[in-house]
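Based on the provided sequences and hints, a complete structural model is requested.
Single-letter residue listing:
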Amino acid sequence: MQVTEGTKSRNRLPDIRATEIMAAAGARELRDGEVIIVGLGLPEVATVLAKRTHAPRLAALLEVGVMNPAPRDTPVGLADSRIFYRATCWSGFLDVMGMNLHRGVVDAGFLGALELDRYGNVNTTLLKQESGKIRYVNGSAGGNDVASLAKRVIVIMRHEKRKLPLAVAYLTSPGFVGGRSREELNLRGGGPSRVITDMAVLGFDAKTHAVSLLSLHPGIRLEELVENTGFPLHIPNDIPTTPLPSAEELRLLREEIDPKGLHLK
Amino acid sequence: MQVTEGTKSRNRLPDIRATEIMAAAGARELRDGEVIIVGLGLPEVATVLAKRTHAPRLAALLEVGVMNPAPRDTPVGLADSRIFYRATCWSGFLDVMGMNLHRGVVDAGFLGALELDRYGNVNTTLLKQESGKIRYVNGSAGGNDVASLAKRVIVIMRHEKRKLPLAVAYLTSPGFVGGRSREELNLRGGGPSRVITDMAVLGFDAKTHAVSLLSLHPGIRLEELVENTGFPLHIPNDIPTTPLPSAEELRLLREEIDPKGLHLK
Amino acid sequence: MVDKVKSVSEVVHTIPSGSHIALGGFAIARNLIAVVHELIRQQKRDLTVSQGVVGLDTDLLVGAGLVRHLIMGGGSLDRFGPAHCVNRARETKSLHCEDYTSLSVCFRYLAGALGLSFIPIKSLLASEILERLEAGPGAENVKRSKCPFTGEEYVLLRALTPDVSFVHVQIADREGNCQINGPRWENEEQAKAGRRLVVVAEEIVPTEYIQRSPERTIIPGHRVEAVIHQPFGALPTAVFGCYDYDADHLRLYVEHAKEPERFKEYLKAFVFGCRDHWEYLEKLGGLRRMEELRADPILGY
Amino acid sequence: MVDKVKSVSEVVHTIPSGSHIALGGFAIARNLIAVVHELIRQQKRDLTVSQGVVGLDTDLLVGAGLVRHLIMGGGSLDRFGPAHCVNRARETKSLHCEDYTSLSVCFRYLAGALGLSFIPIKSLLASEILERLEAGPGAENVKRSKCPFTGEEYVLLRALTPDVSFVHVQIADREGNCQINGPRWENEEQAKAGRRLVVVAEEIVPTEYIQRSPERTIIPGHRVEAVIHQPFGALPTAVFGCYDYDADHLRLYVEHAKEPERFKEYLKAFVFGCRDHWEYLEKLGGLRRMEELRADPILGY
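Chains as they are written, first to last, in numbering that gives the first Met the number 0: chain F, 0 to 264; chain G, 0 to 264; chain W, 0 to 300; chain A, 0 to 300.
In short, the hints are calculated from the structure, not lab data.
Where hints are given, some of them may not hold.
Not close to chain W: a few residues of chain A, all C-beta gaps over 10 Å, as computed [what the hints assert, rightly or not]:
| # | residue |
| --- | --- |
| 1 | Ile39 |
| 2 | Arg44 |
| 3 | Leu124 |
| 4 | Gly137 |
| 5 | Pro147 |
| 6 | Ile179 |
| 7 | Arg195 |
| 8 | Val204 |
| 9 | Asp247 |
| 10 | Lys267 |
| 11 | Gly272 |
| 12 | Glu281 |
| 13 | Leu286 |
| 14 | Pro296 |
Per the computed footprint, the stretches of chain W lying under chain F, defined by three or more beta-carbons under 8 Å from a beta-carbon of chain F, are [claimed, not checked]:
| # | region |
| --- | --- |
| 15 | 109 to 119 |
| 16 | 123 to 136 |
| 17 | 176 to 189 |
| 18 | 292 to 300 |
All of these numbers come straight from a predicted model, not from anything done at the bench.
Glycine included, C-beta positions come from ideal geometry on N, C-alpha and C.
In structure tokens form, the structure reads like this:
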């Protein structure tokens, strides 16, 4: 149930979509043999891509109680029967979120975000409008559980100033709240390690726990990134460029993993 | 795993065994529609007899995770595959002992006993010999759980002075410890309601919580009972006789439920 | 053998207004649609509803104005849209919502199912979810505490024991032995936490069928008060192995749910305008549409 | 695909003396005989063993003098007799035994499996079991406390997280996805509580077989470190659906277990005297005897 919005192309490259760069960047965050809690959309695409390339032994768990499915058709949600297909285990929340996530065996979990602040705190609950009016959205579902308990958290989201504010309107899922360490916060999980947007890959400073720029996607200018970020961003002296997906990665993404472009649109 | 020993015939009736009177008395303690935790031996025989006569809707649960089995062959224990046959549910301890017994939906549970004292405390753990030497036996298994949590407990045991002492050598499963109420003991279950032996049916006084005689089996003399009881027993003025099993009950016991006389020997 | 098969209206008649009901649906899967429609027709009011991840069933009840208190871990109608009625009711403060997470609702049910009055959890800490709970009526259900053995900080959760738990299953016998096909989210804990338990089954099978694979019995019959036999009872949501969700109707629902006035039209047409679930199924396209939605035996959808 | 199939001796070589191992057997069903024999042959000492209801596997280990500390809910070899070696070791104080009950051991495993460092229970209160625990080394694992919401008195239990959990299953694939046939006692909680998890499977199946009924997967492969493929690996105890217990050998075992000297003879003949489990099976009667014990497909024994 983690929210990840459809993300229209942002980069200037004629024949590669930002979503494809994001999926490849997400896949590179996963190591072979790890246990992953997958959300729908790009997180699932990234996980399948990793599994089809460098990490064939990934264990992919879905909150509802599905392990290692091999969907034949693209599902619209985590409760969509399409994502139950060819699973190796069907159980439930208690097993996946309790006996795996809460047990501490989940290496990485993906989160989407309506808002993410400079300390990696995530809001998926509500939005405050100019008028002060509140609009409720989906809430936590497994998001807060993953943020609290996974060894590391990877956030995939669209890069917009309003979505990356100084402070989130509602703190659904804790990162490094107030720049404090996870130990200080009494949280077992390691917290956010990466934020993958349609403009850049962001990380967190080991000391300050604040967001810092790791790499800019090809064709994205630094000014553009800064303009579109609502909080001060630590910028390194020389800025690497996010690697493009390889030809094989692009082939897998376009021909096998999401041929209809449901998530890579 | 509740211990119930084989009980050789004690009464003077030529053609009815004490075990058959015990089984019928046990069956009469169960009401239709109740949820029962069954031990092996006479408790199982009594439960099946009740189900085949006045209580067809009994739910019979076995600790290991078996519900309503219909064994074709007589099992030697609760882990014997013979008792898994034609069950309606196979689960485990957590379901049977946790989500049923601890949840508070079990109406009655059977216990066996090495020793039982005047307040219905049961010992299934060890025996102290004259020499003071200790001999360990089976321990609790589910016995303490049933004694603590079932709405009422029915003990089936052999009637001997050494098995019915003033105080048990080890208090494995609490009855009305020290004559106190179950509330005082912080126990949820109602505690022991009946003790069915090969000489009599015993109950517990609502005020003193001490054992009292409810009925003598046919052919058993009161003096004999008192001689074979290690603690002072409350004796009513007129003593009812335990009803004999009906012809149909005897037929079911001998021809269908335990034809080999494994438990009715 | 106890025959517990009852009609949905019989069962709903026994549920007083003000009850706490737990619904076993998840987003757009195995929702208690037949039950919720009947609760609306019989206008059961001031309900407390709990659900791990809310779906269309809860959104309908809230939209119909029958829910006073909602206990949930979040939720939406997946890609079809948000739970408009739930979100709007929160915005207009016509509903008190106790926000949790998927796991914390599951743990509250687990405690209820095990007969524990409380259970610890390591989620919620350092979140606004916990702060809001502590600041509101939820305060009586959460308490920060430390492990007596390790000193580690936990949130203790109060057990959740709904007055009536409803679960939609693929298969049950007349005594209520139930087998669920596909993932089960928090259904086992939610079902066994209930003081009363009612199941809606797509198919009624002989007990002998249950006895052929007793390891698949998730809910044993002796826990079940009533079995409602209602094929396509979860439409427009999906039931794995039986039928797919009705995407057209889900879109139509979301369109109407956006606006209170249009939602009234929806209720009029599809709930109040139907005597029972069979009439509703006719409005969805009847036999022909049901056959289109029927699941492929290999794919399950 | 990860191939985790290993030999029992390979696996046992990785287990240091002094480890806490959890055994998944129950009385005379699905005992870890092949593993226990190898632990004895390799003389792994000072073990802590935990088991809900002890069986022949634990009795063998204790009789071989390899167990320092036993955590159990009780147990016996059912009608074949008591666990003589366990009882004798307690009488001679050569073993420290922490006595619990079936449910309290299960709850300790459940807490371990869920990553909770403690869990409440309503058993044990007002019993000598609790008093003895509080008076001995068990004191660090139990604590009386009250529910913060209801004030009700509970015993809090410390989570049990064995160094290595062993479970004997009927079916596994090479990655370790396991399906258990028949009742499962505390196997799921015991398996998932382990820091390491090793399964012994009667039969290895292709993953595609697992994918045909994933609802029967009790242990998912990613939790499993090694899969030991050993047909008749639980003899003389029974494996439902595969073979019956060997009543003759159980009687022979109990006869020997009664006397320390005779038990030495048993170990010499059936453990030290066998290079591996196949040689042991030959001593039990080999192919012909195995075929006699093989289960009827309908009865399961």
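Grab the minimum beta-carbon distance between A:Lys267 and chain W and tell me whether it stays above 10 Å.
Since the minimum Cβ distance to chain W is about 40 Å, A:Lys267 lies beyond 10 Å and the statement holds.
In terms of Cβ atoms, is chain W entirely out of 10 Å range of A:Gly137?
holds, 12 Å
Given as non-interface: A:Ile179, partner chain W, CB spacing beyond 10 Å:
violated, 8 Å
Minimum Cβ distance from A:Arg195 to chain W greater than 10 Å, as the annotation requires
Given that every Cβ of chain W is farther than 10 Å from that of A:Arg195, nearest at about 21 Å, it holds.
Given as non-interface: A:Gly272, which should sit over 10 Å from chain W by C-beta:
holds, 38 Å
10 Å cut-off, C-beta based - A:Ile39 kept clear of every residue in chain W:
A:Ile39 is indeed farther than 10 Å from all Cβ atoms of chain W, at 33 Å.
Does A:Asp247 really sit off the interface, with its C-beta more than 10 Å from all C-beta atoms of chain W?
holds, 30 Å
Would the least Cβ to Cβ distance between A:Arg44 and chain W come out above 10 Å?
At roughly 27 Å from the nearest Cβ of chain W, A:Arg44 sits farther out than 10 Å, so the non-interface label holds.
Non-interface claim for A:Val204 versus chain W (Cβ beyond 10 Å):
Its Cβ never comes within 10 Å of chain W, the nearest being 16 Å, so this holds.
Against chain F, does the region 176 to 189 of chain W show at least 3 residues with beta-carbon separation below 8 Å?
holds (count 8)
Would you check whether the claim that A:Pro147 is not at the interface survives, using Cβ distances to chain W and the 10 Å cut-off?
For A:Pro147, whose nearest Cβ neighbour in chain W is about 5 Å away, the distance does not exceed 10 Å, so it is violated.
Just want to verify: A:Leu286 was marked as not at the interface with chain W; is every Cβ pair farther apart than 10 Å?
holds, 30 Å
Hint compliance for this structure: hints 5, 6, 15 are not met, and every other hint is.
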